[in-house]
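Working from the sequences, and respecting the hints, build out all of it.
Read off the chains here:
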Amino acid sequence: MATVLLVEDDPAARQGLELALRRLGYGVHAAETGEAALRDVRDAAADVVVLDVMLPGLDGFEVCRQLHRGSDIPVIMLTARGDDLDIVAGLEAGADDYVVKPVEPRVLDARIRAVIRRTARTGSPAETYGELMIDRGSLIVRRAGQDILLTPTELRLLLVLSGSPRQVFSREQLLDLVWEHDYLGDSRLVDACVQRLRAKIETDTSEPRYIQTVRGFGYRFGPV
Amino acid sequence: MRTRLVIAFIIVALLSALASSWFHTLIGAYRLPGWLDDVIVGPGWLQGLVHTAPGQAAPHPVRHTALLFFGVAAGLLLAIITTFAIAASRPVLLPVRRLARAAQRMSGGDLSVRIQPRGRDELAQLVTSFNGMASALEDKMGALQQMEARARQFAGDVSHELRTPLTAMTAVVGILHEHPGLTGDAAAAAGLVQQEVQHLNRLVEDLIEISRFDAGTAQLVTDETDVANAVGQCLRTRGWSNVGTDVPAGLTARLDRRRFDVVLANLVGNALRHGGLPVTVKAGIQADDQGDEQLAMEVRDHGVGLRPAAIPYVFDRFYKADTARARSDGSGLGLAIAWENARLHGGHIQAGNHPDGGAVFTVSLPLNTMAASGPGTHSAASASRSADAAGP
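Note that the protein sequences, when read in sequence, are chains A and B. Counting from 1, position 25 in the first sequence corresponds to residue 1414 in our numbering; the numbering is continuous, with no gaps. Counting from 1, position 386 in the second sequence corresponds to residue 435 in our numbering; the numbering is continuous, with no gaps.
Treat each hint with caution, since some may be false.
What the hints assert, rightly or not - A few chain A positions that, by computed beta-carbon distances, are all more than 10 Å from chain B:
no., residue
1, Ala1402
2, Asp1524
3, Ile1529
4, Leu1538
5, Ser1576
Unchecked claim - Derived list of chain A stretches under chain B, where covered just means 3 residues or more per stretch with a C-beta under 8 Å from a C-beta of chain B:
no., region
6, 1407-1421
7, 1451-1464
As the list claims (entries may be wrong) - Sample of chain A residues lacking proximity to chain B, with all beta carbon distances greater than 12 Å (derived):
no., residue
8, Ala1401
9, Ala1425
10, Asp1432
11, Asp1441
12, Thr1468
13, Arg1506
14, Ala1515
15, Glu1520
16, Met1522
17, Asp1536
18, Ser1551
19, Gly1552
20, Arg1577
21, Asp1580
It should be emphasised that the hints constitute simulated quantities derived from the structure, not laboratory data. Where a beta carbon is used, it is the ideal one built from N, C-alpha and C, also for glycine.
Structural data, given as structure tokens:
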């Protein structure tokens, strides 16, 4: 079973979430601060980070940014406020998903499972679109021969879109296919992830070649 | 002010005297006996012009010229008097007009309006008093608004603070409830705790949602939405299979999907809890007062309907139409939240009773809430309540 690195400063909330996650069958490594989380992330061999936004010292956004500097570990933000500003900032910092406190254990469970599932491999040959090489088998993406480090969510989004080139996906469809959210999921997740993906794979993000916007409908891959 | 008027009056009187003495000299020089009779009965030359019978004497040239002079002089005098009258009234009328404009702006809600007083007369005093009243009103309103903002901020803060302890409780209450060792009273108590934790969660969630509207931070994220699809999904996910729908296929509108779902779920939930079956949802296109096409959605139940006295208040927070009902499953904020969400879309909700019985809630939303700027449009709008929206 997967191991969760839980970062939460409030002792009661930390203890409660740890209890619930253990009961769901996860291994849990709890950290009180962002600094502790950054220090422990390797030793804990965590598969996913559940990260509170409001932390003393380094806040959740900064921790998320630093975590993604050298690793592709998925991050689920735990926001106490659920305020739009918090959510947007979390997504900009690179969070793969978010839940709003107080979260039902089964909701947290579903999100963790969905995030982990995104790392699943499929056995198909590598495809090349323009300068972009996508290897679905080994989950490697290269641009002009250079490896690109993508988080599982970014990778999954790219795989879904490039799986049907030229087909327009609505944000609702992408939420379902990539995030496994119900139909009322937050479409900002999609927009934020598209921005991050573009920043990594496009040469000019103002004129995207691979991930194109279809106004009023959604996104599509190519035509390259 | 009075001095100016007196001066103007003296000038006009002096001028009149001058003019009349000038006339006297003018007319006297031509020695026209009985000219006045001519003017009254009609001068002979005029009669001559009308009856151009041959042999009649031509009008006297001297009399002719004198009358022309008289006309020009009278006209001039009139012009001079009018000019003086206008000049004399300007200092009075201008400040009055400025005052009227300022009062108009103030009644339009602009309490920052002030007028520069000029001079020391009664009008200047009036202007000073007006300014004093305006600043007193502005201070009072500012203080009131600050108090209200603090109260709202407090409600929002309290709700946020409640979330942290609720997080721990929500996480573990299931463990307690599902514990096989608990039987009898202990199991019932655990069940009650779980149920109430859920209720508290809903309440806090709704309080935070409504405080977002109050703070003006609620955001609209619109998408092209198939209405039949959205209505169907809203009812399906909540297991409301007993709700009838009448929504034409292919009806689309630019809506915030989540907020539209909140509006519909709150109205249908309210109908199911407080109204009578069957509950129906109907949607279509309707023209509003300006002739713009709108999405009109009607949620109707077949219960006893709303008490007419309750209709203006159904969208108020924590309003309970039936005072005997101590409590329901809802937070008491559902209709208020639905109302705010409709408003955020630029639409509104009306409550009323159907002529054939049962309550009817009608949601009107613009078909195109915001211009598209991408796959989705984000926009913030402040939403303050006005009293006119909850009418029948």
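Going through the hints against the structure:
Look at Ala1402/A: its CB is around 4 Å from the nearest CB on chain B, not clear of 10 Å, so calling it non-interface is violated. Even its closest Cβ contact with chain B, about 28 Å, leaves Asp1524/A beyond 10 Å, as expected for a residue assigned away from the interface. Every CB of chain B lies more than 10 Å from the CB of Ile1529/A, the least distance being 28 Å, so the non-interface label holds. Even its closest Cβ contact with chain B, about 26 Å, leaves Leu1538/A beyond 10 Å, as expected for a residue assigned away from the interface.
Against chain B, the non-interface label of Ser1576/A is violated: not every CB pair exceeds 10 Å, the least being about 5 Å. Residues of the region 1407-1421 of chain A lying with their CB closer than 8 Å to a CB of chain B number 3, which satisfies the three-residue condition for coverage. Coverage of a stretch by a chain is defined here by at least three residues with a beta carbon nearer than 8 Å to that chain's beta carbons; for the region 1451-1464 of chain A and chain B the count is 0, and the condition is violated. Here Ala1401/A does not stay apart from chain B, with its beta-carbon only about 4 Å from theirs, under the 12 Å limit.
For Ala1425/A, the condition that its CB be more than 12 Å from all CB atoms of chain B holds, with the nearest at approximately 19 Å. Distance check on Asp1432/A: its Cβ is at least 25 Å (rounded) from any Cβ of chain B, clearing the 12 Å threshold; non-interface status holds. Its closest Cβ contact with chain B, about 9 Å, brings Asp1441/A to no more than 12 Å, contrary to its assignment away from the interface. Separation of Thr1468/A from chain B is inadequate, the least Cβ-Cβ distance of about 10 Å not exceeding the 12 Å criterion.
No beta-carbon of chain B comes within 12 Å of the beta-carbon of Arg1506/A; the shortest separation is about 22 Å. Chain B leaves Ala1515/A outside its interface by the beta-carbon criterion, the shortest separation being 29 Å against a cut-off of 12 Å. Residue placement check: Glu1520/A keeps its beta carbon more than 12 Å from all beta carbons of chain B (closest about 25 Å). Residue-level check passed: Met1522/A sits 27 Å from the nearest beta carbon of chain B, beyond 12 Å.
Every CB of chain B is more than 12 Å from the CB of Asp1536/A (nearest about 29 Å), matching its label as outside the interface. Every Cβ of chain B is farther than 12 Å from the Cβ of Ser1551/A; the closest lies at roughly 18 Å, confirming the non-interface assignment. For Gly1552/A, the requirement that its beta carbon stay farther than 12 Å from each beta carbon of chain B is met, with the minimum near 19 Å. With 12 Å as the threshold on Cβ separation, the claim that Arg1577/A sits away from chain B is violated: the shortest Cβ distance comes to roughly 7 Å.
The beta carbon of Asp1580/A sits about 7 Å from the closest Cβ of chain B, which is not more than 12 Å, so the claim that it is off the interface is violated.
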